[in-house]
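Based on the sequences and whatever the hints tell you, model everything.
There are 2 protein chains.
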Amino acid sequence: MPMMKLMEGMLGTTRRSRRPTMVDVAREAGVALRTVSRVVNNDSTVGPELVERVRTAIAALDYRPDERARHLRLGVTGTLGAAVRQLSHVNPVLRAVERAARAADLMVLAASTEDDELLERQVVESMCRRRFDGIILEPIGADHGYLVPELAAGLSLVAVDRPVLGLDVDCVISDNVAGIRTAFAHLVGHGHHRIAYIGDDERIYTARERATAFRACAADHGGPLDGMVHTGRIEPDRIRSAVRAALGGPAPATAIVTGNATISVEVLRRLGQDSEKVAIVGFDDSELATLLRPDLTVVAQDDTAIGSMAVEMLRARIADPGRPVDRVTVPVELLRRGSGEISPIA
Amino acid sequence: MPMMKLMEGMLGTTRRSRRPTMVDVAREAGVALRTVSRVVNNDSTVGPELVERVRTAIAALDYRPDERARHLRLGVTGTLGAAVRQLSHVNPVLRAVERAARAADLMVLAASTEDDELLERQVVESMCRRRFDGIILEPIGADHGYLVPELAAGLSLVAVDRPVLGLDVDCVISDNVAGIRTAFAHLVGHGHHRIAYIGDDERIYTARERATAFRACAADHGGPLDGMVHTGRIEPDRIRSAVRAALGGPAPATAIVTGNATISVEVLRRLGQDSEKVAIVGFDDSELATLLRPDLTVVAQDDTAIGSMAVEMLRARIADPGRPVDRVTVPVELLRRGSGEISPIA
DNA sequence: GTGAAAGCGCTAACAT
DNA sequence: ATGTTAGCGCTTTCAC
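Respectively, the protein sequence lines represent chains E and S.
According to the numbering used here, the residues represented by the first sequence are 1 to 346, in order.
According to the numbering used here, the residues represented by the second sequence are 1 to 346, in order.
Since the hints were derived computationally from the structure, they do not count as laboratory data.
Any given hint could turn out to be false.
[To be verified] Here's a subset of chain S near chain E, in silico, CB distances under 8 Å, partners left out:
1. A111
2. L291
3. D295
Remember, it's a predicted structure, so these values are computed and weren't measured experimentally.
Note that the Cβ used here is the ideal one computed from N, Cα and C, for glycine as well.
Written out as structure tokens, the structure is:
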């Protein structure tokens, strides 16, 4: 059908024959390509009249520079990738990363890994192929072998929140052990002896760190461990039975440490009105912490510090790929709000 | 210092002389450049032995394909940009967008506009210069004039949550008017006559839509309007005085409609125990809705539908830039959870 | 299947 | 101060 083909071609050219390039602008303005490039990049060594001519041509043609070509030629992209667990979740670290990157005139483009190892790999590799200058990664899972060739090929990467296990890679993480110790000591200081811990799945690095630290605290303190440490996936039923187990029996816990913000919410949901009778210290701050009575005492990580530190370290890595690997631990802070200052009733 | 320069040069070449390209791989494998390209792109017309030779060479050299060049040559990038108000906030629509894009084999790269008109412009223009195939935008502010030349130059864009005012652009938004009507009617059905509205700043499109719809409902119903509609920026003090004004005076409101999730939380925070005495219907669902007693009755938007619809419309726009502009309104749903089913006390 | 070569749109030597 | 030209790394024609 030659008629069809012809019509398609006509439609195509009518719609938009081709995006104009610098060459088109140069022709339109009657100047050299180099001059257009200079104007586009605000090079001061162009005469004002030519600048005007070029600007006019750009507007007339609706010319838009193509960064793909620019980046290809330049070698760098001025872009940092952020591969995080879930974009659409509250993530103050990501927020700090964006701010810090903006201050350094870098663009941050983010994507979710959805806590899926395969997806993480696809996202990171895609960012590598796009030659992002560096990547900030919230690593998930245990096997990051796919990173080895990328790193060998020159990838600059900083892990946040968790280290990349088994690989010698820059990272910036919170002091989980100190956080748990602080929470535990705080409750002990308020007279508690039977303290329970309800945490996330220990296959997750931070959850494992925190649970382990808690067990060590309890052992040091000489408190009971039986039925006091509950970890696993975050499911309402599991949390409910954990709460029941912790607060039931002949020697119920008088205080609970929760392993992260989601766990805190679920535990409070289960406790309902009883939340005034048991002391609680949560790990991670959240906007819900001050919504309930009493307000939730938490061990909060310094998100802003983590985010800006991550960008700083990434920039240093990009500038000098040979620099020694840096593993930074950021202190956490206890925020006393009421729930952790309840004395034991029994 | 010639010595310094020499050492720098040596370090530079030692560290990584140059990233290998397809040419290097071709030489290493003893095949043609064309063949490498075929192997990299999984072209089936290459003999298995050659595939193996190329794969080996790729591994030996740590070769990583450069998508910048590929995209430049191909014309398309297989990438959708998402310019949202705040990446690190809960955003179920963005989540749905990511899922839908993945299903269509498109990568989503997201950035925050921080509710800043200038930043929105920078983000969108940056995505345009990177030649993203399309952009999903949560538009802020009133002046989107900067989009005109981009659209003229061929930008495919779909607005979500709010329309791009003044521009004829695809968008998919919730049915704010129906949502407010539903909430109002629901409260009337439970015997309420004096119903207050506390909402966000009416400079924001959705806030304006909802407040206007509420005023219309109240007028139709013949209920009082004086001191019943409170809109403005989300600040604790303002919310507090709004709640006080609504519930105080000689004819206090017996029910409140809140304009969005943040407002709902703030209102509930102010009400405290009194929240059991006044009926509340919130706009927007949130995880906090089932955390408090009674659980919050809300008008929820269909985030999944909005997100997947946005991607679908964007793909259609990319495929056919000349297609008629599409403005889709997605129905909202009333979720009865208790707070909205309280009868008036007075 | 190979090999050579053009070209995507840009920047930066190197002219002038 | 402005023009000419090579080349970034890839895909794709075009012979062979």
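Subject >> Hint check against the structure, violated hint numbers in rising order >> reply: Number 3 only.
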